[in-house]
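Undergrad: Dock chain B against chain A, hints included.
Number of protein chains: 2
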Amino acid sequence: MSSEPPVPTSASEQVTDESSKPLSKKAAKKVAAKEEKQRRRQDDVAAAASSLSIEEDDPLAVNYGDVPLSDLQSKEEPDLSLRLPVGELRQELKDKVVQIRGRVQTTRAVGKNMAFVVVREKGFTVQCVVTAQPEVVSRQMVKFVAGLNRESIITAEGFISVPSVAIKAATQQVEVQVRKLYCVNKALANLPINIEDAARSEIEIEEALKAGEQAVRVNQDTRLNFRVLDMRTPANQGIFRIQCQVSNVFRQFLLSEGFVEIHTPKLIGGSSEGGSAVFKLDYKGQPACLAQSPQLHKQMAICGDFGRVFEIGPVFRAEDSYTHRHLCEFTGLDVEMEIEKHYSEVMDVVDRLFVTIFDTLNDKCKKELEAVGRQYPFEPLKYLRKTLRIRFEEGVQILKDAGVEIDPKGDLNTESERKLGQLVLEKYGTEFYILHRYPLAVRPFYTMPCYDDPEYSNSFDVFIRGEEIISGAQRVHDADFLTERAKQCGIDISTISTYIDSFRYGAPPHGGFGVGLERVVMLFCGLNNIRKTSLFPRDPRRIAP
Amino acid sequence: MSSEPPVPTSASEQVTDESSKPLSKKAAKKVAAKEEKQRRRQDDVAAAASSLSIEEDDPLAVNYGDVPLSDLQSKEEPDLSLRLPVGELRQELKDKVVQIRGRVQTTRAVGKNMAFVVVREKGFTVQCVVTAQPEVVSRQMVKFVAGLNRESIITAEGFISVPSVAIKAATQQVEVQVRKLYCVNKALANLPINIEDAARSEIEIEEALKAGEQAVRVNQDTRLNFRVLDMRTPANQGIFRIQCQVSNVFRQFLLSEGFVEIHTPKLIGGSSEGGSAVFKLDYKGQPACLAQSPQLHKQMAICGDFGRVFEIGPVFRAEDSYTHRHLCEFTGLDVEMEIEKHYSEVMDVVDRLFVTIFDTLNDKCKKELEAVGRQYPFEPLKYLRKTLRIRFEEGVQILKDAGVEIDPKGDLNTESERKLGQLVLEKYGTEFYILHRYPLAVRPFYTMPCYDDPEYSNSFDVFIRGEEIISGAQRVHDADFLTERAKQCGIDISTISTYIDSFRYGAPPHGGFGVGLERVVMLFCGLNNIRKTSLFPRDPRRIAP
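Sequence lines, in order, name chains A and B.
Quick note on full-length UniProt numbering: the first sequence kicks off at 1 and runs consecutively.
Quick note on full-length UniProt numbering: the second sequence kicks off at 1 and runs consecutively.
Hints are not guaranteed to be accurate.
[Claimed, not checked] In silico lysine to any residue, SDA-like type, Cα no more than 25 Å apart, as pairs:
{"no.": "1", "chain 1": "B", "residue 1": "K75", "chain 2": "A", "residue 2": "P408"}
{"no.": "2", "chain 1": "A", "residue 1": "K75", "chain 2": "B", "residue 2": "D320"}
{"no.": "3", "chain 1": "A", "residue 1": "K284", "chain 2": "B", "residue 2": "D320"}
{"no.": "4", "chain 1": "B", "residue 1": "K180", "chain 2": "B", "residue 2": "G212"}
Since the hints were derived computationally from the structure, they do not count as laboratory data.
For reference, chain A alone in the conformation it holds in the complex (with noise of 0.2 Å):
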């Protein structure tokens, strides 16, 4: 028998659409069928593997097998005295007896008597070698180790040796030599996706069709439709703990500045707050919506006297929009402070919570961001210690001397602010920075006016490598103002009365930003979508899994 796995068929083939347009139905009847077709192989392969059963009279059998479920069921507490992390087997440990669990990454026969099998755990693996001997290991035991399906949990007890020549196929660089092996929960033998696949680089994937060898593209459509088995890859692991730490420092950092995490309803009457489009349901017989974001409950928040607060939730968007980088939901980092007078105080917490954020990536992520590299390669970010800050009307003069047309009064489209980025780092040597004072026409009716040209707000958008990640402002506290802006703005009053009431008992000025989780990585990591950066992403098409 084989110890490698066939390349499944729906991978095998050159899927070049790395983008997330809208499957047509026949492509998506197609990718249905071939799931079914690949669906039906799997079994077989998995019937002609159960035939391939273990001989009865082997007197070394207890060392290996199958785990039965019974045994898995809570039936004793764990002994993990001879328990090692993968991750932590190193030379220091040679000959010392360890354990071990992860997954088959790959198994190799080399003749009836001797199999290798790479175990990963947590992105480190280890090379196992099971070598037939009297006493503890038969040769059945080597056809069991060889006959493992690739991701099945196995458990491995053996002793480590250091081998004369470097270990190519692992992380780690000793060897596990087997005396014990047993399967805890067997993978099926045809996977919808091989990690290996997954894993690979697009220059990996270029280098090996020059050469011509075959190289499987996995699309991003797949790899959602099957994110289980994409989360595995280093790249993902790498990616999902960088998100973990942003959202760590971020609440860290504010927290150490007297900030109060709070949590607003997502379940809200009415519209959020005007703009983009809501998702509409039933609440008990009254009409309601999912919160677009928790703007007017975060300043709510500010008028009862929480003086800082912060929110890390999800944000609701039902806007059609296809675009690498808007999803139907996402985390939103959201941030309310009342301020004394300008809404500088608040760029100032942007500037230092961002740099904090991003120096600790690099201090403390650095094994994550290289596995993410690996895979898709980028250059670190270029931020400065104290965040530039720009003028809106400095931007547009910016682009204006660049020959790019723009209305001074307008909002800044996803080209002229790639544009913009490059400028300003040739100019300024940072792909991080602050644009502030927009046209208030362009901003909701909450935000404060500049004291000096109504034409103009106290707001702000902060940009990494040329996209938007942040949104903030001071907002009008006063609610006569409140409510003139809004009607200017054309919302219907009677649907936030008690927004606008909040702010007659007493408001102090106050200002905030909103950030989107997803973009921060992705722009971090200079990932080209969304949806990689996003555990189980939502767009206009895709609600599973």
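TA: Chain B only, in chain A's frame:
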């Protein structure tokens, strides 16, 4: 003029309904009418106040007055060189000039030459004294200060003095001898709720009534209708700071043990896990619903090799529960982890995690707990260093021994849970314990049955003060067995095929648990209603503010 604003109409009534029963239509109409009446009255008071214009010929007019809005529109960067938080005003600062900002808690005029204003900031209060004196404070300024509306935001500048007698009206034992005072934002003259009414304990109300005095009791619904004001009470400031601390310890503890924070989608196709009612919505033409828990997705993250994950996020339940402990939207703290073979590994995490949370609250939230206790007296939670674990069967026996009739293979109802809590407290001296090995029939389909008795399961609930706060279990990680269990529970397999398929690609044994953040805070503080621990609660009849 009187410096004491009249008691508002709506709150002056002795409303005793602290429960959350739905208001009848008639009662709701009555409340609306009362609010309208009060609004009109407020307008009258405001009109009267505005006629009290400050004399224009005051040469000291520069030292006081309303700050014009334009000065608060980011005109200039703030100068905070003299600024101190109210909570830091101490006797060592005697004769130093300081500037403070906060809300007007009360004002009191003493003749025409003197006024007192108590300023509140972040729960601390200080008495400010305004005395007419040549070159600094005019009689007009005294009048202006005495006429400030409660809850207005002001800044005041003056020197610190130390009075010879203890100050009862404020938390700080110094006074500010004011030389400048400006109103940053004016509150309505007549507020729907007075903060001191909302902050009054039941005991204080009873004592006042006994003494024949008037004491306003603000009912739960009025509080929630005007949550922005209600939030300002010391108890509520404490409650939500305690809530913030719970999330923070939860996360820090788990991060320190190698857990990764994830964000799973709230918008899902089909119903999330059956059981309780879901909120349905239309997702771009596809039927969808709001996740009742991150259960399936957090398990998929385990299958995706994240090893140990947690999430803090909203969960949605469309149940028609009007109890003191159910909400339609609450904050779920969810955990999922690989295990070796026993659900005790999960209970170990629960044990250490919650003992750490309780210890930290008792250590770091002393002031907040005191503030809550002053309004809602409670005994500190009794818990053991090593959390007590009782088998379900043992719990049933304890109840039986106490004469409580109970179905040994059924679930406990709220009443038996409470009774068992009392009995456990008497027997073991703890109000926090784990009840495990529940009957399989009362747990979700994905719960792993016991190895030795398929009528029981590897599951647990955790109780504080006789009420459930956590549900957890080992999960079925074998796809075929999971399918079988789902079918046995009458679940349509086609609706959860992606979930089940996740276990076909190699799945480690795993388990986890879910906690309701609001319940933890409610029960730790011995509060009687979960609406007190949700910033903007959602129940079957409330979707505002």
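Undergrad: Could you run down the list of hints and mark each one as holding or not?
TA: Hints, verified against the model:
1. Distance hint between K75 (chain B) and P408 (chain A) is fulfilled; the C-alpha atoms sit about 22 Å from each other, no more than 25 Å.
2. Distance restraint check for K75 (chain A) and D320 (chain B): the Cα-Cα separation of roughly 39 Å exceeds the 25 Å cut-off, and the hinted pair is therefore not satisfied.
3. Under the criterion of a C-alpha separation no larger than 25 Å, the hint pairing K284 (chain A) with D320 (chain B) is consistent with the structure, at around 9 Å.
4. Using a Cα cut-off of 25 Å, the hinted pair K180 (chain B) and G212 (chain B) is violated, with the two alpha carbons roughly 41 Å apart.
Hints 2, 4 from the earlier list are contradicted by this structure; the remaining hints agree with it.
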